[in-house]
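A.B. asks: In short: position in the sequence shown from 1, add 252, done, that's this note's numbering.
I should point out that these hints are in silico values taken from the structure, not numbers from a laboratory.
Some hints could be false.
Think about it this way: if two alpha-carbon atoms lie no more than 25 Å apart in a straight line, the pair counts; the simulated DSS-like pairs of lysine-lysine are [said to hold, decoys possible]: (1) Lys282 with Lys330; (2) Lys515 with Lys498; (3) Lys438 with Lys406; (4) Lys410 with Lys473; (5) Lys498 with Lys473.
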Amino acid sequence: MKAVVINRPGEVFLADKPIPVPPAGFARVKVKAAAICATDLEVIDGNIPANYPLTPGHEWSGVVDAVGSEEDSGWIGKRVIGSNDVVCLHCDACRSGNWRYCNEFEEIGFKRDGAYAEYVIVPAYGLCELPENVSFVHGALCEPLGVALGTLEKSGAKFGDTCLIMGAGSIGLCILAAAKAMGLRKITVCATTERRLKIAREMGASYTIATREQNLMEEMKRIHPGGTDVVIDATGIEECIQQCLKLARKGGSVTLAGYGRGKVMQIRIDDIHVNNLRLIGAGNNWNQHKKAVTLMADGVIDIEHFATNRMALEEFEHGLELARKRPEGFVKAVFCYE
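Given these sequences and hints, build the entire structure.
C.D. replies: Right under this line is the structure:
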């Protein structure tokens, strides 16, 4: 089979690999769509711990064509998405549903080969059927939408809350889509430039702010005069996090959904302490894919237009370049296998 391989950080190529055989408890999925995520670039650059050589890719959909256990044979031939979490299923964390707290946790696309390939091996216990009215491309986007759903759940957001989203990358835009569906109001999306803010406005953002061209603090005083109920950082950038702490209302919440790339950052503790803020980490948003695909199937959330560039696996270099440069109008590059 064809597969993209990161031999070591900075060295990526297309290779011919044997078609993998699923062990007991796992399924082999013939990949139909796999989206490029910004964290895949971090794996390529060596900024996220990974088991090299590695095939990346954790946003996927496809059809099950083999299983490792007879008890899972009912999945064969089904359109699926699924969890990337490989866990023991027996420890206290797993039994309580907190899979990512499992001491044996490994993730598809990081510690195990992912979906930039014709086939991927995934845990059968994490599979979810993809309804016929949801395309494979849309199904591959269940993973970033699940991150958005998990982030809002952790934030404690509720109907009628005001919301500020810092960052208009794919996660920030997914959070916008989910926040709209939840009934949050005066949703404001910030980014350094206008490149993605047009998309945010088309998706229904109440306000957008290009921070290189507008004064963020002054604009937010006008939009949310008493501060913002729910502030979400989807950038992982120090300056943005510092601003988020200043923009939340007293007693409000600031949720950190952006990856900080291992950097040590400075924050003003009194911004949290004096204003009684809830500061929440949202880096482990697991088991949201079923909820995500249900919302898609029911037409509550439609983010298929995020797949702005669709291409063959052989064009992986172009896809990665787009993901790095993020030209105007670009949101996601997706490898399509049909």
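A.B. asks: For each hint, tell me whether it holds in the structure or not.
C.D. replies: How the hints compare with the structure:
1. Restraint check for Lys282 and Lys330: the C-alpha separation of about 10 Å stays at or below 25 Å, so the hint holds.
2. Between Lys515 and Lys498 the CA atoms are separated by roughly 21 Å; this keeps the pair inside 25 Å, and the hint holds.
3. Taking the CA atoms of Lys438 and Lys406, the gap is near 20 Å; set against the 25 Å cutoff, the hint holds.
4. Under the criterion of a C-alpha separation no larger than 25 Å, the hint pairing Lys410 with Lys473 is consistent with the structure, at around 22 Å.
5. Note on Lys498 and Lys473: the hinted pairing holds, with a Cα-Cα distance of about 11 Å set against a maximum of 25 Å.
Hint check: no violations occur; every hint is consistent with the structure.
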